Amino acid sequence: MSDQVTVTINGKEIKVPEGTLIIQAAKMAGIDIPHLCYCECLPSTGSCRVCLVEVEGGKGLVASCAQKVKNGMVVDTDTEKVREARRFVLELILSNHPGDCMSCDKNGACDLQKYAYELGIEKTSFSMKDPGYDVDRSNPFIERNYNLCILCGRCVRICKQQGADIIDFVKRGMVTKVATPMDRPLQESGCDFCGSCLAVCPVGALVEVDRRFCGREWEMKETKTVCSYCGCGCELVFSTVDGQIMRATGEVSCDYICSKGRFGWDFVESSERITKPLIKKDGVLTESTYEEAIKVVAERLIDIKKKHGANSIGGFMGAGNTNEVAYLFQKFLRAGIGTNNIDSSARFLGFPALIDLYEALRDGAVVSMKDVEEADVLLLVNADLTASYPRVGASVKKAILNGAKVVVIDSKKTEISELADLHIEPQVDSEEFVLSGILKELLEENLHDEKFTKKCKNFDEFKKSLDGLKVETIEKETKTSKDFLKEAAKLYGEGKKTIILFGAETVSSQSMGLIADIALLTGRTKASVLPCLLSSNLRGTIYMGALAGFYPGARRANEIGNDFKKIWERDLPDEMGLSAMEMVENMGSSVLGMYIVGADPVAQFPNSSKVAKAFSSLDFLVVQDVFLTETAKMADVVLPGATLAESNGTVVNLEYQTKEVKAALEPLAKPDWETIADLSERMDYTMEYSSEKEIAKEIKSLVPIPKKIEKNTYDFIVVKPKKSGEEPDGKYPYALIVGETSFGFYDGQRTRNSKLSILELNKGNYAGFNPEDAESLSLKEGDAVLISSRRGKITTSVKMLGSLPKGLLFMPSCHEERGVLASDNVDSKLKSPQHRLIAVSVSKGGASK
Amino acid sequence: MSANGCSVMITLEFLKGFTKDKMCGKCLPCMLGTERMVDVLERITKGEGEEEDVVLLEEISSHIIDTARCKLGKDAAVFIKDSLSSYKGEYEEHIKEKHCAQKSCEDILNYWINPEKCTSCGACKVVCSEDAIVGDKMIPYLSDNKPYYIKSKKCTNCGKCLAVCEVDAIEIV
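Protein chains in written order, with my numbering: chain W, 14 to 862; chain B, 26 to 198.
For the record, the hints were derived by calculation from the structure and aren't laboratory data.
All of these numbers come straight from a predicted model, not from anything done at the bench.
Mixed in with the good hints, there may be bad ones.
Stated by the list, open to error - The calculated DMTMM-like cross-link candidates involving lysine to aspartate or glutamate, where the alpha carbons are at most 20 Å apart (straight line), are:
| # | chain 1 | residue 1 | chain 2 | residue 2 |
| --- | --- | --- | --- | --- |
| 1 | B | K106 | W | E97 |
| 2 | W | K308 | W | D632 |
| 3 | W | K142 | B | E73 |
| 4 | W | K190 | B | D46 |
| 5 | B | K99 | W | E67 |
| 6 | W | K184 | B | E155 |
| 7 | W | K94 | B | E84 |
| 8 | W | K72 | B | D100 |
| 9 | W | K142 | B | D64 |
| 10 | B | K51 | W | D181 |
| 11 | B | K121 | B | E67 |
| 12 | W | K190 | B | E60 |
| 13 | B | K99 | W | E104 |
Modelling step: build the complete structure from the supplied sequences, incorporating the hints.
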């Protein structure tokens, strides 16, 4: 702990750590010093001069946001001289602030207004000046009125720290203005619309377009909940007026919230939402009542069960529901219906390979954002952080500003790779060789932790298998010089606090093993590997047992004994249960009824034309979702789903923290758990819960919160690197990968129904080409192009992406037809498709959409 | 400084130079305050100054000395403050009498025809595009011709008359 110093502020003596700023020390003493440019999370600039204080024995006034405390310092924050100086500065600012508080949305939350009131300034004594700038209303997210700007520079600093770093002060003196390069609109300047600038603006210069003239600051009701997009599970505060969301912010103004979190919530209010149950009558889905719909579903499911047995029914759910819904859904299927045929999107997003990784590393694979920010070396494997898991991306950016070294292994360029110290661009799909190469170099350079490796039983076996791999093979497969690998090993090996980050859905299970090995070889078993998860409740969904082969508590189905039998009061099936792809395989033959919650298998599963055929051969399909998805269109009954913004419950984020979800809105539909419970009731398996809290209680009694288990012995995972994707060949000469984009998300169901979609070309329905490839195919941006793989073909439009290497094509995961091309080749052990790399051919033309 | 010109004008020029050159615009009191002082000084040199303006300038400059972040801003304010205390009379002359003794502030200069020097040749009236000069040309043996004089309200201080007068009868006061 650093030394404590004693300071006296307004006669109050307080002990604070050395190096504390006066303004912070005052806050600790409960004294709020007025400030405009200072912000807790940002470096001080001392430019507004509002936070001036008097220091005894000092010369003149001192800016408290820039001066650190000294032992014995005596500070006065509220003398006449200080007030006079503040009044002067505020009056000057007000004379340059031609806004009308009456119609300003910041009214009531504006710092300038607050301090002017506190100092009793009725009117500025200087003549008013209007800068006369045009108000930028060209995007539907942020309204920028720089006439109201007081040039505090908070937005500039936060954009540098966690945004896209696109705004800065331009010009000088009185004509200084905050602007993008060439003063272009935000959407043309590479802005990632994280809206951090909005959150820190102390006045009305930057305001959410959504809330303009829709509600006053003091009318807002705040609800703290969790973002429903990626696995970062950021805490969001929804401000609502009369049941309408006005804005979403972080808990503290400078908390990072990405574009999807801050602006992507509007799908909740979309007119495309399903609000009433639909029943297919004569081939057309017609509106009905809950009563009737539940009756139909129960009757049909009972009928199928009677005729063909419980195992002819299957369930599949997305990974974005609350723990309570996931738990209840699998309980309904396992105990209510009596089948273990339950699976979730988690299967496609990294699990169950991740379970192995957790078992291998335990605490090593639990990393918080704070750990990332404090790390000194970060190794990124196939993780486009700023697009897929923006919160992690923001933390990495912060770490870089703090001086962290970053090594990126990715075939394409990403926002972070541009900032990285070393970017290894291997041949696509050869990450396993790169990682093995780094392991070899770590050993060769003697950077491994010998004391630790001695404790591992299979170190020799592991070493032998590495020795069997030739450097030449690695260089040949990756098309990367071993010097790069050596440099990466050196950077990583010599770091003090290192973290390996990877995208759980973008690396193979083999790579995960190798990543664990790298951490183990250097003896880093505490917070050293962070799997980045894509879906908001991926961990929770697994932990609640919504995955074939696993029961709640992530307990393997063959190891549970009688634990669940007692509480669920039913006999449980003996079979392990079918995974998602196995269910699809058996549809029409042994699987005849499906219950889908919050997922769109028909559009999402690889080889979607085959999947669609399989679903159409079902006897009965019931879908519970927010929107009428491709799967829902084929359903016999559609039940309305609730969004996270309308649900109560808990989710588990990628930091392994359980977070509470609270409904910010009156739900348009029944909560998902209620629908499931009603259905179960009808099927003679009573689920009596008065609220989701009771479900949570049952979960708690069944699967205690995992304790931190001290692990003493670790084992290396012996991996023989290989390439798992489809290799491009003569007929299909291009490789295609599917990945996340900044403004699209996963299946695109939500982002497509949000105004975020305008930021993506064609709402994300495009294929990215390297400009050289495009030229050789004589393609221009926006051209229609026909892409075919061994499974099928699609027509889409062309987008130039300089970030791609030659020969690699990119398709956003929110592309409506992304499933058509993907391979349904299933990994036999994990039962999840290995569809990272798809071999495709490209031809110009095709009917444009 | 007054040896070479009007203190008000010198201060204004200094401050204008400061805002265009040294001022960074990073701390608000210096940036906004100097701009306000430029406004006030410009007002004074145009003869539109009011009696409170000197007090206002004094206030702004001492506040900037207190609040500005760097020495450049503080020094600029010190310069103004010194000028105000050393040459108070000149400022007051500009404000109350609308007169610039150093004849630097063009807007408050008056052109005047010295009747003792004027030969009533009429050349000035011919060149005056604003019809600001009135009077009759001297006709020998007549003595009731009106003497030439300049109507200050109409005069734009363009200086054309000054250039044509052969006997230097037109003076600036």
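TODO: Return the numbers of the hints above that this structure violates; sort them in rising order.
DONE: 6
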